[in-house]
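Undergrad: Just need the whole structure built from these sequences, with the hints factored in.
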Amino acid sequence: MSAYLARRLVQAVFILLGVTLITFVLLYALPADPARMIAGRSATAETVDRIRAELGLDQPLLVQYGRFLGRLGRGDLGRSYAQKVQVTELLSSRITATVWLMLGGIFFELLIGLPAGVLAALRRHSRLDRSVMLGAFLGVSAPQFVVGLLLLYVLAYKWPVFPLGGYGSLAHLILPAVTLGIAGGGWYARMMRSAMLDVVHQDYVRTARAKGAGEGRVVVRHALRNALLPVVSMIGLDFGTFMGGVVVVESVFSWPGIGQLAWQAIQIVDIPVIMGVVVLSALAILLGNLLADLVYPLLDPKIRYT
Amino acid sequence: MVKPHPTGVGPAADAGRPLLKRPPLRPRTLWSRVKGSPSALLGVLVVVLVVSLAIFAPWIAPYDPSEQFFDGLTIEGRPLGPSARFWLGTDLLGRDLLSRLIYGARVSLLIGVAANAAALSIGTLFGTLAGYFQGWTAMIVMRATDMMMAFPALILAIALAAILRPSLWIVALVIGMVNWVWIARIVYAQVLAISGREFIDAARALGVPTPRIFWRHLFPHLLPTLLVWGTLGISTTVMFEAALSFLGVGVRPPTPSWGGAINESQSYFLEAPWLVAFPGAAILLTSLAFNLVGDALRDAIDPTLRGRG
Amino acid sequence: MRVRWLVLVVAAVLLVPFAGPTAGQGRNTMLVTFKDDVSTLDPAIGYDWQNWSIIKSISDGLMDYEPASTTLVPHLAESYTVAPDGRSYTFKLRRGVRFHNGREVTAADVKYTLERVLNPKTQSPGAGFYTGISGAASFAEGKAKEVTGIRAVDKYTVRINLDKANAAFLHTMALNFSHVVPKEEVARLGADFGHKPVGTGAFRVKEWVLGQRLVLERNPSYFLRGRPYLDQITFQVGVEPNVAFLRLQRGEVDILGDGIPPADFVKVMADSRLNKLVAVGDQLQTGYVTINTQVEPLNDVRIRRALNMAIDKSRIVRIINNRAVPANQILPPLMPGYDTDYKGYPFDREQARRLLAEAGYPNGFRTTLYANNTDPNPRIAQAIQQDLATIGVRVELKTLAQSTVIEAGGTKGGAPLLWSGGMAWIADYPDPNNFYWPILSCAALAPGTWNWAWYCNRSVEKLVEEADAMVQPTQAATRAAKFRQIYRMVMDDAPWIPIFNERRYTMHSARMGGVKGIFVDPIHIPVHYDEVRILGR
Numbered sequence: 006m007s008a009y010l011a012r013r014l015v016q017a018v019f020i021l022l023g024v025t026l027i028t029f030v031l032l033y034a035l036p037a038d039p040a041r042m043i044a045g046r047s048a049t050a051e052t053v054d055r056i057r058a059e060l061g062l063d064q065p066l067l068v069q070y071g072r073f074l075g076r077l078g079r080g081d082l083g084r085s086y087a088q089k090v091q092v093t094e095l096l097s098s099r100i101t102a103t104v105w106l107m108l109g110g111i112f113f114e115l116l117i118g119l120p121a122g123v124l125a126a127l128r129r130h131s132r133l134d135r136s137v138m139l140g141a142f143l144g145v146s147a148p149q150f151v152v153g154l155l156l157l158y159v160l161a162y163k164w165p166v167f168p169l170g171g172y173g174s175l176a177h178l179i180l181p182a183v184t185l186g187i188a189g190g191g192w193y194a195r196m197m198r199s200a201m202l203d204v205v206h207q208d209y210v211r212t213a214r215a216k217g218a219g220e221g222r223v224v225v226r227h228a229l230r231n232a233l234l235p236v237v238s239m240i241g242l243d244f245g246t247f248m249g250g251v252v253v254v255e256s257v258f259s260w261p262g263i264g265q266l267a268w269q270a271i272q273i274v275d276i277p278v279i280m281g282v283v284v285l286s287a288l289a290i291l292l293g294n295l296l297a298d299l300v301y302p303l304l305d306p307k308i309r310y311t
Numbered sequence: 344m345v346k347p348h349p350t351g352v353g354p355a356a357d358a359g360r361p362l363l364k365r366p367p368l369r370p371r372t373l374w375s376r377v378k379g380s381p382s383a384l385l386g387v388l389v390v391v392l393v394v395s396l397a398i399f400a401p402w403i404a405p406y407d408p409s410e411q412f413f414d415g416l417t418i419e420g421r422p423l424g425p426s427a428r429f430w431l432g433t434d435l436l437g438r439d440l441l442s443r444l445i446y447g448a449r450v451s452l453l454i455g456v457a458a459n460a461a462a463l464s465i466g467t468l469f470g471t472l473a474g475y476f477q478g479w480t481a482m483i484v485m486r487a488t489d490m491m492m493a494f495p496a497l498i499l500a501i502a503l504a505a506i507l508r509p510s511l512w513i514v515a516l517v518i519g520m521v522n523w524v525w526i527a528r529i530v531y532a533q534v535l536a537i538s539g540r541e542f543i544d545a546a547r548a549l550g551v552p553t554p555r556i557f558w559r560h561l562f563p564h565l566l567p568t569l570l571v572w573g574t575l576g577i578s579t580t581v582m583f584e585a586a587l588s589f590l591g592v593g594v595r596p597p598t599p600s601w602g603g604a605i606n607e608s609q610s611y612f613l614e615a616p617w618l619v620a621f622p623g624a625a626i627l628l629t630s631l632a633f634n635l636v637g638d639a640l641r642d643a644i645d646p647t648l649r650g651r652g
Numbered sequence: 022m023r024v025r026w027l028v029l030v031v032a033a034v035l036l037v038p039f040a041g042p043t044a045g046q047g048r049n050t051m052l053v054t055f056k057d058d059v060s061t062l063d064p065a066i067g068y069d070w071q072n073w074s075i076i077k078s079i080s081d082g083l084m085d086y087e088p089a090s091t092t093l094v095p096h097l098a099e100s101y102t103v104a105p106d107g108r109s110y111t112f113k114l115r116r117g118v119r120f121h122n123g124r125e126v127t128a129a130d131v132k133y134t135l136e137r138v139l140n141p142k143t144q145s146p147g148a149g150f151y152t153g154i155s156g157a158a159s160f161a162e163g164k165a166k167e168v169t170g171i172r173a174v175d176k177y178t179v180r181i182n183l184d185k186a187n188a189a190f191l192h193t194m195a196l197n198f199s200h201v202v203p204k205e206e207v208a209r210l211g212a213d214f215g216h217k218p219v220g221t222g223a224f225r226v227k228e229w230v231l232g233q234r235l236v237l238e239r240n241p242s243y244f245l246r247g248r249p250y251l252d253q254i255t256f257q258v259g260v261e262p263n264v265a266f267l268r269l270q271r272g273e274v275d276i277l278g279d280g281i282p283p284a285d286f287v288k289v290m291a292d293s294r295l296n297k298l299v300a301v302g303d304q305l306q307t308g309y310v311t312i313n314t315q316v317e318p319l320n321d322v323r324i325r326r327a328l329n330m331a332i333d334k335s336r337i338v339r340i341i342n343n344r345a346v347p348a349n350q351i352l353p354p355l356m357p358g359y360d361t362d363y364k365g366y367p368f369d370r371e372q373a374r375r376l377l378a379e380a381g382y383p384n385g386f387r388t389t390l391y392a393n394n395t396d397p398n399p400r401i402a403q404a405i406q407q408d409l410a411t412i413g414v415r416v417e418l419k420t421l422a423q424s425t426v427i428e429a430g431g432t433k434g435g436a437p438l439l440w441s442g443g444m445a446w447i448a449d450y451p452d453p454n455n456f457y458w459p460i461l462s463c464a465a466l467a468p469g470t471w472n473w474a475w476y477c478n479r480s481v482e483k484l485v486e487e488a489d490a491m492v493q494p495t496q497a498a499t500r501a502a503k504f505r506q507i508y509r510m511v512m513d514d515a516p517w518i519p520i521f522n523e524r525r526y527t528m529h530s531a532r533m534g535g536v537k538g539i540f541v542d543p544i545h546i547p548v549h550y551d552e553v554r555i556l557g558r
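Chains as they are written, first to last, in our numbering: chain F, 6 to 311; chain D, 344 to 652; chain H, 22 to 558.
FYI, nobody ran anything at the bench for these hints, they're computed from the structure.
Just so you know, even glycine gets a beta-carbon here, dropped at the ideal spot from N, CA and C.
Warning: the hint list may mix true and false statements.
Stated by the list, open to error - Facing chain F, a subset of chain H residues (Cβ under 7 Å, in silico): (1) 60; (2) 231; (3) 259; (4) 264; (5) 385; (6) 425.
TA: As structure tokens, this is what we get:
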């Protein structure tokens with residue numbers, strides 16, 4: 006188990022190195038000069054040059070990357086070019102909003118997806134099954150910004166049940182979370198259904214049934230529990246993607262999360278902030294996957310990591 | 344957010360499920376399967392409709408999609424609602440929304456097909472190499488896919504679009520570069536399963552050159568999978584393009600694009616919700632149709648999965 | 022087991038309270054909403070429309086403007102004198118003005134502040150305004166330890182010497198960048214000074230929660246008697262303009278920081294109850310297209326004039342709901358030197374086509390227009406594109422992130438045409454030379470600067486230098502006349518297509534008031550925070 010963990014950690018470090026290096030090269034190639042953005046419109050070419058030197062942007066790519074890694078090793082992501090605040094401070098000011106949105110999104114994904122998937126599997130090939138699956142496809146085919154805008158129009162403008170976007174209370178969270186839940190719920194429903202169908206034909210479920218366990222009990226105790234495995238891995242993946250910033254939903258609902266931060270930083274080539282977001286979300290993705298893998302043995306004693 | 348997987352049957356479930364039987368790729372069999380399912384039929388219908396709109400746009404569209412009508416806006420600069428003259432109303436520049444949506448089908452489909460072709464080619468190439476040679480090659484390819492999966496995909500796409508200047512083909516390329524990872528993984532798993540089988544060993548023993556083994560023995564087995572994922576992928580791509588355009592980094596104006604139409608009218612959606620609803624419906628229907636068709640194709644090709652997916 | 026888990030999640034979501042912003046209105050306080058977070062409040066660094074006037078309320082410069090006007094008055098300075106040659110200014114400081122930390126402001130602080138702005142380590146976007154001070158260049162290059170041109174003559178007297186006369190110098194002493202900051206606090210806080218600013222201003226920062234709110238409280242020992250009127254101002258961020266608009270109608274918000282949402286604008290102005298809450302005024306802004314004077318075929322003045330005649334500006338104004346007026350010249354109407362007699366190029370496509378034919382392009386040509394990718398700029402760019410197509414000029418649009426557009430504009434031959442919106446030129450100070458030096462002068466003709474037309478006319482430059490030497494107040498009228506001549510010459514060369522001048526529409530709650538024009542103060546956007554008051558108090 007610890008050997009497995011160690012291997013995963015080493016892998017994670019290399020992946021992180023790769024991700025940061027690629028991002029760094031991309032930003033380096035960007036046809037925009039942060040020094041000019043900082044210098045402002047009244048600056049002379051000399052001022053711009055001085056600022057560039059001050060930021061170390063006149064150094065070769067590898068030297069800059071080396072410095073970045075050196076700082077990263079100390080947990081320092083540098084300061085935002087635009088706001089002069091520590092990037093870590095900026096990220097932490099946004100992370101609460103993102104975590105709330107993530108929890109809300111996953112909550113509605115599960116709330117919509119799991120029951121739908123189970124129902125469809127239990128009533129396989131029925132009209133209910135077919136409508137649930139069509140609904141699931143509708144959910145995954147609907148662009149989030151369309152769903153979000155329409156939810157806003159209907160539930161926040163025509164019938165003002167919820168606030169028109171923004172952040173600050175539970176009521177603000179519902180619509181963006183539901184928007185995420187509708188798309189994600191479709192995936193979960195389909196996956197849950199297929200996982201349930203896989204399981205109900207397994208021997209132990211048949212045995213349980215043969216022993217006279219009630220259908221509900223069979224579903225909950227045996228089938229559901231095992232069908233949850235892929236769901237857990239999916240939540241792990243979601244955790245990563247959500248932390249990377251749900252740019253579109255955050256933009257529709259003006260949710261002050263990581264995605265909005267990244268979007269604004271890209272507009273003005275605020276390199277330390279962009280790098281910070283990339284590092285954070287890569288870490289979250291790696292962590293999410295790892296957690297999913299680690300939860301497996303808890304749910305299914307047959308799986309062991311060595 | 345970009346979902347990892349066009350079907351959502353996460354990697355844990357059946358991404359790597361190899362299709363070992365000789366593929367029943369006869370069109371007639373496919374058609375008889377499709378006929379049996381109302382949702383698949385709906386999918387095919389919509390796909391045919393969208394494709395015809397795209398092809399025959401110049402003859403169907405009532406107006407030039409880029410023409411900004413002087414009387415297409417009120418005197419205060421507000422867009423017009425649906426009317427006999429402009430069936431779906433006008434956008435914020437006084438252009439006919441219907442014509443823009445019809446021409447927008449071209450952009451969505453072109454990008455859907457091109458981006459998928461890119462993702463499929465790159466993914467198949469790397470997946471096959473890794474599965475066939477295994478060892479170091481597989482190690483490198485798989486770690487590369489790990490890395491791509493640890494990337495915030497949309498942020499990567501936005502950054503690329505900013506560097507490479509958005510044009511239709513660049514957007515397609517960007518999407519392809521983000522999406523190839525999944526194809527590579529699926530193909531890898533399949534090739535791994537197939538290349539362990541006797542006929543490949545036999546071919547190797549007979550000294551058949553590697554490219555020939557690829558082409559004659561491996562590829563035909565991959566084809567059905569690629570067809571399924573290619574179709575499902577168009578759906579993801581259409582949505583991805585819409586998202587990029589919605590954020591203002593997709594195809595550049597005045598090229599009509601569904602996502603772009605929503606981006607341009609976002610500030611007005613409370614006043615003129617049809618400006619969001621119509622393009623939104625176009626994206627939704629197209630994406631849904633390709634999903635349904637892809638799903639039906641998979642059922643048809645792999646009977647063991649029938650009713651499961 | 023699963024059910025229990027779900028219950029737990031629900032409970033967690035319901036019970037853990039959000040750190041909600043305090044939106045309640047106290048008695049003598051004001052609530053302003055913004056969509057985007059307020060960025061740094063360091064006077065040497067803050068340079069966006071949002072933090073600009075907040076900084077003005079936290080710190081002070083030697084000079085300032087009378088509220089709701091562009092009239093320059095001494096502020097931290099009690100008085101000043103100008104040498105006859107205009108190359109030396111002597112400021113007498115007010116006595117007893119104290120920083121928020123209690124220490125008295127002295128001449129040494131003024132010197133320190135300006136040197137800090139000029140120091141490349143500060144990375145101040147305002148450094149360029151002060152490079153005309155004697156010795157500034159060698160200080161910035163690190164060759165000198167101090168700026169020799171700034172001298173603290175005694176505790177309350179500062180003398181500043183310039184390399185050459187600059188009629189706008191006093192304006193630069195009112196810019197935020199020169200607002201006096203205490204050395205010891207900057208040293209103590211380092212780069213965090215921008216989030217814990219210390220100045221002399223009417224307000225000081227009480228609380229700042231990144232991404233949520235900024236609260237300013239009254240500085241009880243502010244040196245201007247009776248100011249500020251308010252006890253506290255809360256800036257709530259992350260509020261969508263639509264939401265802010267609805268909340269203002271319910272009386273929960275006092276000022277719409279981001280303005281009236283575009284879609285509601287027409288409705289508001291037509292509503293006799295709502296339009297009473299809207300103050301209308303001008304601002305020091307021109308929206309324009311730069312024409313790169315150094316690329317083929319735009320280097321031919323006839324072509325540039327033709328482009329000027331092909332644009333239907335009134336239609337573009339309509340696209341933004343008539344929130345602007347069509348422009349025919351470089352300067353906005355509010356600016357001294359604006360030429361009311363000048364008529365500009367006519368909207369005449371026939372003549373435009375003739376000019377193109379004369380220049381050897383009877384069938385037009387292909388070119389590229391760069392524009393910012395945030396609404397409404399892509400729409401405006403598309404309208405320009407369609408207009409130019411009517412005279413055969415086929416324009417390819419590049420709508421890109423702000424930074425990329427600025428980079429293209431600052432690259433020689435990079436951007437043939439560039440729409441300025443979204444990066445627009447709102448003047449730094451109300452002097453006509455502000456529209457010349459950074460964006461139209463030969464001095465700014467270098468990669469990376471903002472002269473995106475790559476325009477340089479030596480005879481114009483000479484005239485501007487002459488005008489800038491007219492530093493005495495008595496010469497103001499002559500100087501304005503000279504600038505009218507200058508900008509007519511510039512328009513003859515047609516390096517720009519002036520499109521429109523935006524107007525200001527500030528919406529405020531019924532209980533807010535102040536001197537006339539306070540809500541459309543040309544210097545303070547959205548409002549002069551020191552001068553605004555609750556009616557009836």
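Undergrad: Compare the structure with each hint and give your call.
TA: Okay, the hints, checked on the actual structure:
1. 60: Holds - the Cβ of residue 60(H) comes within 7 Å of chain F, reaching about 5 Å at its closest.
2. 231: 4 Å, holds
3. 259: 5 Å, holds
4. 264: 4 Å, holds
5. 385: 28 Å, violated
6. 425: 5 Å, holds
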